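**Student:** Spelled out from the first residue to the last, the chains are:
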Amino acid sequence: MELFLQQTFSGLAFGGVYACMALAVVMIYQATDHLNFAQGEMAMFSTYIAYTLITWGVPYWWTFLLAMAISFVGGVLIERVIVRPVEGTSVLNEVIVFIGLLAIFNSVAGWIWEYTIKPFPSPFPKEPLFGNKFVGTHDLGVIGVTLVVLFAVFLFFRFTPVGLAMRAAAQDPASARLVGIRVGWMLALGWGLAAAIGAVAGMLVAPIVFLEPNMMGSILLYGFAGALLGGITNPAGAVFGGFAVGVLETLVGAYVPFIGSELKLSFALVLIVAVLVFRPSGLFGFVVVKRV
Amino acid sequence: MGVQSQSTNSRLRDLAALASGAKLSRLQWSGIVAAVVFGLLLPLLVSDYRTFQFTLVLVYGIAVLGLNILTGFNGQFSLGHSAFYAIGAYTAAIMMDQWEFAYYWTLPAAGVICLVAGFLFGLPALRLEGLYLALATFALSIATPQFLKYDHLEKWTGGVQGVTIIKPDAPFGLQISQDNWLYYFTFVVMLLLFFCAWNLLRGRTGRALKAIRDNPIAARAMGINTALYKSLTFGVSALYTGVAGALGAIAIQFVAPDSFTFFLSVAILVGMVIGGIGSIPGSIFGGIVIVFIPNLAEKISQAAAWAAYGTLLILFMYFMPLGIWGFIRMGYARLTRRRKAT
Amino acid sequence: MLNRRNFVVSAAAMAIALAYGPASAAGKYDPGASDTEIKIGNINPYSGPASAYGTIGKAIAAYFKMVNDKGGINGRKINFISVDDSYSPPKTVEQARKLVEQEKVLLIFQSLGTPTNSAIHKYMNAKKVPHLFVATGAGKWGQPKKYPWTMGWQPAYPGEAKIYASYLLDNKPDAKVAILYQNDDYGKDYLNGFLEGLGAKAKSMVIAKEPYEVADPTVDPQIIKLKASGADTFFNITTPKFAAQAIRKVHDLGWQPLHFLNNVSTSVGGVLKPAGLDKSVGLITTQYTKDATDPQWTNDADMKAWHAWMDKYLPDGDKSSSFNVYGYAVAATMEEVLKKAGDNLTRANIMKQAASLKNVKVPLLIPGVTVDTGPNDFYPIECARLAKFDGAKWVGVGDVICPKK
Amino acid sequence: MALLEVSKLEAFYGQTQVLRGLDFSLEEGGITTILGANGAGKTTTLRALCGMVRTRGEVAFGGAKIAGGATESIVRHGIAHVPEGRGTFVRLSTEENLRLGAYTRRDPQAVGEDLERVFQYFPRLKERRHQQAGTLSGGEQQMLAVGRALMMGPRLMLLDEPSFGLAPNLTEELFDILGAINKERKVSMLVVEQNASLALAIADHAYLLETGRIVISGTAKEIEQDETVRKAYLGY
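Protein chains in written order, with the working numbering: chain A, 1 to 292; chain L, 1 to 342; chain F, 1 to 405; chain D, 1 to 236.
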């Protein structure tokens with residue numbers, strides 16, 4: 001039982017990280033109708049920026065905010081400058097540009113900061129909360145911050161005109177223009193916000209997995225899987241999906257003997273695909289009902 | 001994505017239609033003859049090492065064509081073609097290493113196994129579209145190296161160590177190097193496969209595939225069995241990629257799980273898009289892209305080779321949004337138009 | 001056609017002339033060597049997921065630059081041609097052929113990785129081009145009978161694992177062992193060597209093993225599972241990032257096993273500090289090179305030279321990276337071999353010299369560890385010393401140990 | 001001075017020219033209709049006014065030159081376009097669709113009042129205000145599109161085939177409401193319609209378009225009497 005609880009909590013803790021990334025994925029999907037393969041590397045890069053700020057002596061929470069702000073601006077600039085020329089060509093062309101961005105960020109990070117792992121501080125106390133032995137305070141913090149970000153995203157999309165406009169612009173750019181929405185800037189804004197959320201994810205992940213250029217690779221994949229499992233159109237669903245993927249992967253590795261740690265990733269992915277076969281819009285995805 | 005993208009897509013479609021057009025013009029015939037003659041002479045002009053590189057170009061070209069059949073002509077995404085490539089490669093390696101088959105027997109075997117594997121994978125994939133299909137195929141390419149390493153399969157796959165095989169000599173006492181022989185062998189296989197693809201895609205089947213890509217509902221209404229077509233396309237696509245895998249294994253003389261990671265899938269995808277989506281000749285340019293772009297990137301900056309690679313990809317998309325083959329066609333069209341105008 | 005054949009013939013003649021013909025006054029040469037230059041090829045992953053190892057290639061290049069600045073080796077400058085294979089075996093084959101057939105290097109040195117080197121193993125031996133000091137600790141590089149042109153450098157992983165096994169048999173014969181290993185050739189080499197070292201007792205002593213994939217974000221679940229097995233000894237076969245994660249998790253779970261950490265991840269600055277020095281107390285490993293981040297070597301002469309070299313030739317380099325130490329030491333070994341080859345720079349002589357290193361003290365190896373080879377011994381470094389971490393530095397335990405072959 | 005003045009307007013899809021120099025104007029407060037066969041360029045005219053296709057020529061709206069601008073800038077002058085196919089945001093709710101109409105407005109109180117007014121015109125939309133817009137029927141989506149246009153507080157509404165796909169009684173209802181909006185809200189309208197008699201009934205001015213050119217223009221009454229128009233478009 002203790003083992004089970006420990007595994008579950010460990011899964012939940014990582015699930016929080018995946019959930020945060022899944023949220024960033026949903027964010028950019030809501031805003032641009034695309035998945036951005038470079039998102040993980042962008043988050044990693046943001047975390048390195050935060051790391052640099054900390055080594056310069058900037059206090060943690062200032063760093064946190066600054067890194068988010070810098071990432072936001074960076075995201076907007078990337079969209080305006082790099083992605084814009086291929087927008088509206090074809091999806092695959094954009095995918096290739098995303099792959100290009102991924103390679104560039106990964107390589108440049110290694111070039112600037114080297115590949116040795118770097119410890120990244122956690123803002124949360126070291127002692128486990130209430131002396132429990134299952135879950136560290138940082139892990140709880142990750143879950144907490146993820147939920148806060150989720151709530152903020154929910155408020156933003158649901159109740160602000162800009163949030164609404166972003167959703168509209170992603171769904172139907174032509175109609176959005178007709179009501180006066182500056183679609184290009186909505187895309188840029190979406191990139192900026194996604195980059196800022198990615199920065200949060202990166203800064204939460206780094207204390208757990210250590211900062212290095214390949215830090216986010218697999219986490220982004222789990223984030224994608226979580227987002228698709230929960231429903232790419234639904235931020236809350238995506239967060240649930242992230243947690244589900246974390247727990248699922250951990251428990252499969254621990255309790256399915258034939259699979260073991262060796263095949264657990266494959267197995268988890270197969271399971272997710274199986275779910276999607278039966279629920280093609282994800283568990284909580286918005287089913288688009290369209291009258292023709 | 002609005003108006004602009006529609007026009008680009010239709011341009012793409014026109015190009016695809018031209019590329020797989022029912023009848024070849026005289027110009028196209030002479031182009032093909034020139035390309036084949038060039039292909040035959042190539043090994044005589046360059047060193048063995050270059051010949052080996054061009055063999056790889058052909059191998060990857062076949063793999064890109066496989067993906068192109070699926071994505072370019074049928075509109076289904078795949079990030080999982082490294083899996084089929086790996087299955088083909090391991091089929092060849094295991095047949096040659098464990099059962100001592102001659103290398104040429106491994107190609108039909110790899111093709112058939114991949115056809116079946118692709119078809120079976122295509123069945124559940126039917127229910128998935130766009131992103132979800134991308135995730136499913138991505139899962140496939142992540143799982144493949146893990147299965148190749150799996151303890152219980154180690155007897156055949158060699159586990160993490162992989163399998164080493166021997167390069168074939170030229171038959172009938174031909175006095176040409178192994179590299180040249182393998183090049184010609186691959187070249188002939190490639191011509192055969194490209195011809196089959198052209199034949200397949202220009203007729204009824206091709207029209208059905210494109211109808212499914214462009215308007216699945218209408219295709220169904222026209223009486224096309226979309227489920228069967230889509231699964232079969234997956235199978236055929238896997239077959240091509242699997243044969244490429246087998247040829248690749250023979251050329252490299254070694255297979256290991258690390259050779260068939262997710263990055264191979266990405267490379268094939270990049271090759272397809274930069275070579276030219278939905279175009280048969282574009283696939284060969286895709287092979288060229290896969291082999292030579294990383295080398296070019298390394299020349300630009302070794303310290304940050306990936307940064308150079310990424311920059312090249314982005315520049316290609318800026319200046320050749322329809323891929324290299326699309327670029328060539330557009331350039332040609334512009335030239336002839338100008339000539340007509342004057 | 002005719003022209004081409006002529007060309008081929010004359011090229012072949014030239015090659016023969018180079019190899020056997022009357023040597024120039026200065027010496028005997030194979031392709032890649034001349035009176036003024038020695039061409040050395042190298043393959044490293046500068047791009048892709050394994051690009052962290054690219055550091056080694058850069059360090060070696062910097063070392064040879066220093067050698068050239070000092071006048072080269074026997075008056076010849078080193079032309080170090082390092083190429084990128086992204087850690088992808090097919091690309092390694094392509095690049096090796098480029099180096100041998102196009103660049104015409106004298107030898108390939110320090111190509112990195114087990115699957116990548118496996119892919120060119122046969123090729124290099126068929127071409128009879130030295131494939132020297134490959135950067136991998138797999139056991140298969142020391143087979144002079146079958147592969148006379150290939151040689152490793154660092155202690156083989158199975159050998160190192162055997163050191164831990166014999167330590168365990170001597171000091172804790174009733175241990176219950178849990179093992180975490182990377183699921184690839186490197187992890188399995190360690191694992192198998194360890195099991196072999198335990199011999200008949202392996203079955204009863206090893207009660208849990210867990211693999212992880214390089215792509216996994218964390219090894220926490222594996223550690224939880226291993227702890228739950230009730231083991232009192234833990235063999236940690238991981239690369240730096242995962243090693244740091246494992247050390248920290250073991251501590252945070254309150255698990256206090258006898259903890260063996262493989263040599264791959266012993267860097268104080270690169271692994272133990274990020275994991276937490278307090279959490280690393282009591283770790284046992286083997287060492288054969290000095291660790292630049294270990295305070296005990298601060299005033300060591302080799303280390304001072306290394307620091308001076310880093311400052312001058314790799315000013316942006318990371319001094320906490322063990323790769324920079326490794327690159328320096330292995331390049332120094334190569335320099336030694338070339339020095340000994342003198343003016344006879346044929347490939348055969350290079351291999352002969354590489355296979356006759358006796359008690360050579362390469363800089364940065366810990367005292368007592370030397371490079372030794374022979375016609376039947378293609379394992380240059382075999383000995384290492386057990387060391388225990390005291391919270392600040394590695395403290396040697398006992399003498400330098402050389403595992404039995 | 002007229003509200004909208006168009007001179008020498010040309011429009012292109014790629015290389016193909018669709019409008020070949022239109023000159024027309026539109027009085028403030030009036031309803032004007034453009035008639036024509038399929039492919040004559042009616043829809044293109046509306047799209048050209050909004051900068052949704054490549055154009056040449058002059059367009060002045062309320063004295064400001066708007067030709068060549070981006071769609072989102074043009075509509076901010078107070079032009080609401082109810083597009084062909086309605087342009088519903090299918091994944092958003094009915095109310096969200098309507099609120100998007102008021103996206104450029106900065107006066108929450110007036111927007112709230114307008115929302116109530118739209119619900120008065122179209123009570124069905126109020127019933128379904130929280131429903132996903134994609135699930136609305138065709139008629140409801142058409143009402144939603146008109147309502148959304150109204151939410152912009154426009155001076156000019158461009159309506160593209162508002163009767164398309166609607167049952168006759170619904171069509172009539174919709175046109176009554178359009179007439180009411182024109183009267184009560186002083187919104188000028190430019191209507192493109194297949195159903196010429198319906199359009200002429202509500203309009204005060206009309207233009208007849210053939211292959212990208214205006215061939216006849218005049219008051220709705222005059223056009224209704226016109227022999228060619230009657231034969232070709234009114235069918236009697």
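Just so you know, the hints here were simulated from the structure itself, not pulled from any lab data. Keep in mind that this is a model prediction, so the values were computed, not measured. Glycine residues also receive a C-beta, built at the ideal position from the N, C-alpha and C atoms. A couple of the hints might just be wrong.
[As the list claims (entries may be wrong)] A few chain A residues that don't get close to chain F, going by computed Cβ distances all over 12 Å:
id, residue
1, THR52
2, ILE70
3, VAL73
4, ILE82
5, ALA103
6, TYR115
7, VAL162
8, TRP185
9, ILE208
10, ALA236
11, LEU251
12, LEU263
13, VAL277
[Stated by the list, open to error] In silico BS3-like links for lysine-lysine, alpha-carbon gap of 27 Å or less:
id, chain 1, residue 1, chain 2, residue 2
14, D, LYS186, D, LYS231
15, F, LYS279, A, LYS126
16, F, LYS201, F, LYS176
17, A, LYS118, F, LYS388
18, D, LYS221, D, LYS231
19, L, LYS167, F, LYS146
20, L, LYS167, F, LYS227
21, F, LYS388, L, LYS167
22, F, LYS312, F, LYS339
23, F, LYS70, F, LYS339
24, F, LYS319, F, LYS304
25, F, LYS28, F, LYS65
26, F, LYS319, F, LYS352
27, F, LYS339, F, LYS361
28, F, LYS140, L, LYS299
29, F, LYS227, F, LYS176
30, F, LYS273, L, LYS167
31, F, LYS388, F, LYS227
32, F, LYS140, L, LYS167
33, F, LYS172, F, LYS227
34, F, LYS279, F, LYS77
35, F, LYS352, A, LYS118
36, F, LYS28, A, LYS126
37, F, LYS273, F, LYS39
38, F, LYS146, L, LYS155
39, F, LYS172, F, LYS127
40, F, LYS104, L, LYS167
**Student:** Could you run down the list of hints and mark each one as holding or not?
**Tutor:** Evaluated hints:
In this structure A:THR52 is separated from chain F by more than 12 Å, as the shortest Cβ-Cβ distance comes to about 15 Å. Distance check for A:ILE70 against chain F: the nearest CB is about 23 Å away, which clears 12 Å, and the non-interface claim stands. No Cβ of chain F comes within 12 Å of the Cβ of A:VAL73; the nearest lies about 27 Å off, and the non-interface call holds. Annotated as non-interface, A:ILE82 keeps its C-beta farther than 12 Å from every C-beta of chain F; the closest such distance is 20 Å.
At roughly 8 Å, the least C-beta separation between A:ALA103 and chain F is not larger than 12 Å, which violates its mark as non-interface. Residue-level check failed: A:TYR115 sits 3 Å from the nearest beta carbon of chain F, not beyond 12 Å. No beta-carbon of chain F is positioned within 12 Å of the beta-carbon of A:VAL162; the least distance is around 33 Å. Every C-beta of chain F lies more than 12 Å from that of A:TRP185, the closest at about 34 Å, which supports listing it as non-interface.
Against the 12 Å criterion, A:ILE208 falls within the reach of chain F, whose nearest CB is about 7 Å from its own CB. With a minimum CB-CB distance of about 23 Å to chain F, A:ALA236 clears the 12 Å threshold, and the non-interface call stands. A:LEU251, annotated as away from the interface, has a beta carbon of chain F within 12 Å; the closest lies near 9 Å. Chain F draws A:LEU263 into its interface by the beta-carbon criterion, the shortest separation being 9 Å against a cut-off of 12 Å.
Under the 12 Å C-beta cut-off, the non-interface status given to A:VAL277 relative to chain F holds; the minimum distance is some 24 Å. Of the supplied pair hints, the one linking D:LYS186 and D:LYS231 is violated, its CA atoms being roughly 33 Å apart against a limit of 27 Å. Distance restraint check for F:LYS279 and A:LYS126: the Cα-Cα separation of roughly 13 Å lies within the 27 Å cut-off, and the hinted pair is therefore satisfied. Proximity of F:LYS201 to F:LYS176 is assessed by CA-CA distance (about 11 Å); at most 27 Å being required, the pair is judged to hold.
Our distance criterion of 27 Å between C-alpha atoms is met by A:LYS118 and F:LYS388, whose separation comes to about 23 Å. About 15 Å separates the Cα atoms of D:LYS221 and D:LYS231, which keeps this hinted pair within 27 Å; it holds. For the given pair, L:LYS167 sits about 18 Å from F:LYS146 by alpha-carbon distance, which is consistent with the 27 Å threshold. Restraint check for L:LYS167 and F:LYS227: not satisfied, since their Cα atoms lie roughly 48 Å apart, outside the 27 Å limit.
Among the hinted pairs, F:LYS388 with L:LYS167 is inconsistent with the structure: their alpha-carbon atoms are about 49 Å apart, more than 27 Å. For the proposed pair F:LYS312 and F:LYS339, the alpha carbon gap of about 24 Å is at most 27 Å, so the pair holds. Taking the CA atoms of F:LYS70 and F:LYS339, the gap is about 14 Å. The hint holds against a cut of 27 Å. Between F:LYS319 and F:LYS304 the CA atoms are separated by roughly 12 Å; this keeps the pair inside 27 Å, and the hint holds.
Only pairs whose Cα atoms come within 27 Å are accepted, and F:LYS28 paired with F:LYS65 is accepted, the gap being roughly 24 Å. Pair hint F:LYS319 plus F:LYS352 does not hold up; C-alpha atoms about 35 Å apart against a cutoff of 27 Å. For a cut-off of 27 Å, the pair hint linking F:LYS339 to F:LYS361 stands: about 14 Å separates their Cα positions. Among the hinted pairs, F:LYS140 with L:LYS299 is inconsistent with the structure: their alpha-carbon atoms are about 33 Å apart, more than 27 Å.
For the hint pairing F:LYS227 with F:LYS176, the CA-to-CA distance comes to about 11 Å; that is within 27 Å, so the pair holds. The suggested pairing of F:LYS273 with L:LYS167 is violated, with an alpha-carbon distance near 49 Å, which exceeds 27 Å. A hinted pair counts as satisfied when its Cα atoms are at most 27 Å apart, and F:LYS388 with F:LYS227 qualifies at roughly 22 Å. Between F:LYS140 and L:LYS167, the direct Cα distance comes to roughly 21 Å. Compliance with the 27 Å bound is thereby established for this hinted pair.
Our distance criterion of 27 Å between C-alpha atoms is met by F:LYS172 and F:LYS227, whose separation comes to about 18 Å. Straight-line distance between C-alpha atoms of F:LYS279 and F:LYS77 comes to about 47 Å, which puts the hinted pair past the 27 Å bound. Between F:LYS352 and A:LYS118, the direct Cα distance comes to roughly 43 Å. Violation of the 27 Å bound is thereby established for this hinted pair. For the suggested pair F:LYS28 and A:LYS126, the alpha carbons sit about 66 Å apart, so the restraint of at most 27 Å is broken.
Our distance criterion of 27 Å between C-alpha atoms is broken by F:LYS273 and F:LYS39, whose separation comes to about 39 Å. Simply put, F:LYS146 and L:LYS155 have alpha-carbon atoms about 23 Å apart, close enough for the 27 Å limit, and the pair holds. Under the criterion of a C-alpha separation no larger than 27 Å, the hint pairing F:LYS172 with F:LYS127 is inconsistent with the structure, at around 49 Å. Of the supplied pair hints, the one linking F:LYS104 and L:LYS167 holds, its CA atoms being roughly 22 Å apart against a limit of 27 Å.
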